[in-house]
Amino acid sequence: MSDNVLVITEHLEGEPTEISFELIALGRRLAAELGGQVEVLVAGDGAAAMADRFGGADTVLVVDDARLDGFDPEGHPRVAAAVVEARTPKVVLVPYTSEGMDVASELAARTNLPLVSYCKDVRATDGLAATCQLYAGKIEADVEVEGDRAVFAVLSGAASAADGMGGGAGTVETVDVEVDLPGRVQALGFTQPEAGDVDITAQDVLVVVGRGIESEDNIAEAEELAEALGGAVAASRPVVDQGWLPKTRQVGKSGLTVKPKVYLALGVSGAPEHVEGMRDAATIIAVNTDPQAPIFGVAHYGWVGDLFDLVPELLERVES
Amino acid sequence: MKIAVLLRPVPDPVEELELSDDGTDLDRDFLGYVLNEFDDHALEEALLLKDETGAEVSVWALGTADEVDQILYTALAKGADRACKLGDDLGALDSRAQATLFADALGDEAPDLILTGVQAADELVGQVAVLVASALDLPHVEVVVGTEPVDGGIRVTKEFWGGITGDYQVALPAVLGIQAAREAPRYVAVSRVRQAQQEGNLEERDVTAPDPAPGVKVVEMRIPEAGEGAEMIEGDEAAAADAIVEILRRAGVA
Numbered sequence: 001m002s003d004n005v006l007v008i009t010e011h012l013e014g015e016p017t018e019i020s021f022e023l024i025a026l027g028r029r030l031a032a033e034l035g036g037q038v039e040v041l042v043a044g045d046g047a048a049a050m051a052d053r054f055g056g057a058d059t060v061l062v063v064d065d066a067r068l069d070g071f072d073p074e075g076h077p078r079v080a081a082a083v084v085e086a087r088t089p090k091v092v093l094v095p096y097t098s099e100g101m102d103v104a105s106e107l108a109a110r111t112n113l114p115l116v117s118y119c120k121d122v123r124a125t126d127g128l129a130a131t132c133q134l135y136a137g138k139i140e141a142d143v144e145v146e147g148d149r150a151v152f153a154v155l156s157g158a159a160s161a162a163d164g165m166g167g168g169a170g171t172v173e174t175v176d177v178e179v180d181l182p183g184r185v186q187a188l189g190f191t192q193p194e195a196g197d198v199d200i201t202a203q204d205v206l207v208v209v210g211r212g213i214e215s216e217d218n219i220a221e222a223e224e225l226a227e228a229l230g231g232a233v234a235a236s237r238p239v240v241d242q243g244w245l246p247k248t249r250q251v252g253k254s255g256l257t258v259k260p261k262v263y264l265a266l267g268v269s270g271a272p273e274h275v276e277g278m279r280d281a282a283t284i285i286a287v288n289t290d291p292q293a294p295i296f297g298v299a300h301y302g303w304v305g306d307l308f309d310l311v312p313e314l315l316e317r318v319e320s
Numbered sequence: 001m002k003i004a005v006l007l008r009p010v011p012d013p014v015e016e017l018e019l020s021d022d023g024t025d026l027d028r029d030f031l032g033y034v035l036n037e038f039d040d041h042a043l044e045e046a047l048l049l050k051d052e053t054g055a056e057v058s059v060w061a062l063g064t065a066d067e068v069d070q071i072l073y074t075a076l077a078k079g080a081d082r083a084c085k086l087g088d089d090l091g092a093l094d095s096r097a098q099a100t101l102f103a104d105a106l107g108d109e110a111p112d113l114i115l116t117g118v119q120a121a122d123e124l125v126g127q128v129a130v131l132v133a134s135a136l137d138l139p140h141v142e143v144v145v146g147t148e149p150v151d152g153g154i155r156v157t158k159e160f161w162g163g164i165t166g167d168y169q170v171a172l173p174a175v176l177g178i179q180a181a182r183e184a185p186r187y188v189a190v191s192r193v194r195q196a197q198q199e200g201n202l203e204e205r206d207v208t209a210p211d212p213a214p215g216v217k218v219v220e221m222r223i224p225e226a227g228e229g230a231e232m233i234e235g236d237e238a239a240a241a242d243a244i245v246e247i248l249r250r251a252g253v254a
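Chains as they are written, first to last, in this note's numbering: chain A, 1 to 320; chain B, 1 to 254.
Treat the hints loosely; a few may be bogus.
To be verified - Covered stretches of chain B, going by a simulated chain A footprint (3 or more residues, C-beta under 8 Å):
1. 4-14
2. 47-57
3. 141-155
4. 167-179
5. 215-224
6. 231-240
Honestly, the hints are just simulated from the structure, not real lab data. Because the structure is a prediction, the values reported are computed rather than measured. Note that CB positions come from ideal geometry on N, CA and C, so glycine has one too.
Only chain A is shown next, with the shape it has when bound in the complex (with noise of 0.2 Å):
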């Protein structure tokens, strides 16, 4: 076993994602804390192409594959798990997203370690230990491993992904890892999202509505607040899966990401996924009748209170 960080990078359409660099500067801090270095998986029809983007890493492990095209939800996990085993690293990070969702779990299984989910934080410090987010940000648990080898599925956010970026040797590495790739599972091709009647993303102004608004009919009383502020509404998962609003006014991981002025959440409950695309708005305001809603630990400002009474009020401020 060595004393090392495995970082396992994701990218699309031969791009890496933000939250690789967030976890390599995370790798960075947790390699030094064990005296190891940090090594990059790097996996995919090109990837040879990504290695000299990865300077934050000492190590660079490239597996490049035809088979692999775009993303393989077969064929990334099981190379990751060969690299796993052929590497044995002491701690694996996978980025807690679409992609990490495949690969995560199923090298887990087939290395045979521990896995934690929802990670905002790992140390290495005395024994592995993490901090997760459960119930949707309503709980955060201190976990520990009682091994000394984990896999950590690590939410965006952990790190800063510009200290990923360099500060490494960088060197590249071709791995040879035989591993059978049934091909049960064949990419067709991406789709890029439809443009919205609203560009949410460049507003200065988001109405955001969550849950709390109970229905299809009283998202009329956001849109009315929105038009007064000259702004536009946005919408939690929640809402955009009944089909409330279309799926370019989401705010969240599988949504867009927006950094408006002001961002005023009526009934939005601050899950994990949410924050991710909207902790970096200059100002935001949370409305919720839950004082436990963890909306209110990335808001500046909160009410606690029922969204309906607000509205009318506001508006007609606003409006007079």
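With chain A held as given, fit chain B onto it using these hints.
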């Protein structure tokens, strides 16, 4: 086509959560459970496939909460053909244990498609969909937002981020983790659920919970400080509106 849907009860997200005395778990004594919302979408996607292809839909749940019977009867009322409850009074199980029990039960059933929610809020160790697939050596795709049956398999849409999606053709049998069904989960009248309950077509099987997988130990759980960092506005809605308008002015937008 035979579709199995895995349904998991989770603590009701609108309820206030409290911690157990030793602070390493939720206080589950008075906790209400509801169907994991992503599993509700998995059920909806299965029922849409049934509408389109005449597939047989079975629903499966572990007896980890009192509300499980209600969850299964609701699925029957919505249109599932069979419902099976695995074990009773199993207590809270981690996702590895859940996946093991589901995989054991489904091995002989040999469904063409296994659907469940992409995640559940209480999963510390990972995704049931992928773990079931690993146990049964089946292909898996997580974060699925649409399916379409095609010759030789199923075409699925996986969501990445920023609204980007990828399409895949997946050979059957396979396991899919559903993020959102193509349509919002259908509504079912309480009277229909009651009727399903009276018909009582719930299959029950004995299972024994596996020992918890060693490896990860919860040292402490805590409820993050409410409003940590946020300046909380006091008073009624009129006072809050005054304060918020002032904040908007300072931000230059009102």
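Comparing the hints with the structure gives:
1. Counting residues of the stretch 4-14 of chain B whose CB lies closer than 8 Å to any CB of chain A gives 3, which reaches the minimum of 3, so the coverage claim holds.
2. Counting residues of the stretch 47-57 of chain B whose beta carbon lies closer than 8 Å to any beta carbon of chain A gives 0, which falls below the threshold of three, so the coverage claim is violated.
3. Proximity of the stretch 141-155 of chain B to chain A, defined as three or more residues with a beta carbon under 8 Å from a beta carbon of that chain, is established by the 4 residues found.
4. Only residues whose C-beta sits within less than 8 Å of a C-beta in chain A count toward coverage, and the stretch 167-179 of chain B has 8 of them, enough to reach three; the restraint holds.
5. Interface restraint, the stretch 215-224 of chain B with chain A: holds (10 residues with C-beta to C-beta distance below 8 Å; minimum three).
6. Here the stretch 231-240 of chain B counts 7 residues with a CB under 8 Å from a CB of chain A, which clears the bar of 3, and the coverage holds.
Of the numbered hints listed earlier, the single one contradicted by the structure is hint 2.
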